[in-house]
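The numbering of the sequence shown is my numbering, which starts it at -16 and goes up by one.
Keep in mind that the hints are not guaranteed to be accurate.
[Unchecked claim] The calculated label-pair distances, taken between Cβ atoms and stated as ranges, are: (1) N(-5) to A163: 42 to 52 Å; (2) L153 to Y233: 29 to 39 Å; (3) R(-1) to G131: 14 to 24 Å.
Just so you know, the hints here were simulated from the structure itself, not pulled from any lab data. Cβ atoms here follow ideal geometry from the backbone N, Cα and C, with glycine treated the same way.
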Amino acid sequence: MTWLFEPGWWANGTVRTALVVGGIVAVTSAVVGIFTVMRGQSFAGHALTDVATAGGAGAFLAGVGPLLGFVGGGVLGAGAMDAIGVQRVKGRDIATGVVLGAAMGLAALFLFLSARTSSATGATQLVLFGSIFTVSPSTLPEVSWLSGAVLVTMALVARPLLLSSLSVELAAARGIRLRAVGLIFMVALAVAVGMSAIVIGAILSTALLIGPPASALRVARRVGSAVALAAGLGVLATWVGVLLAYDSYYWSASHRSLPVSFFVVVVIVAEYALASVLRRRTRRVPTAVVEPEGWT
């Protein structure tokens, strides 16, 4: 299949690192993203991407690893949002708006200072749109550890988190500590956003967090199935994006690759469009055919 895989694809160490890191991040984002969509906190996830932007820009300015900045900034933003109040819808909007404004201001300041320090740093491109081909293999253990911590945490709080996502009143009646569960989820969300920022950039990380889960929830009938489908869609989008970005180097005489983030987002949008079409077709089928007997 030389028409699809350009020369050096299979032997390129940078590509292998990008595929592994991208796959791990896609799975983590899918698991967290399912609950983000179900809880109606997509706007909060978007706000955390801007916080991650500020963290990444600050890390770039300080000369430390971008992953630390993305994740650290996201966690601080999640803590700030919880402190302001995210339990009720009105409180969530206020907290999200306050944190979003502060994060955008800090990001602009840090990027401005980085540009003044050196015009050739490429900080804006790296922070906003990512560059997974520049991820060092030494980052893989950090990504694996963070991903494992998020997945284990989500597994431990999955049942109370799901119940509180469906009915806050019922969860409170059953003695679930909503504030603690909400804070744990916000921290997991912040880490997932920070990790996805190294794949497609901080400003586009919401696409990887929300797109595949939203597509999966349109066609899946169970939460477990939605999580598995979202993970598959996220990995597919990331890997196809890496492949097309690598191939784009050979598409023109100038030999300039198109960004991975562009292709990843295009695939995610295509997946959502396909899921919407499948959902409409499924609705046309009689309910007795679509749903098993006794389905609730």
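Please list, smallest to largest, the hint numbers that this structure does not respect. Those not satisfied come down to hint 2.
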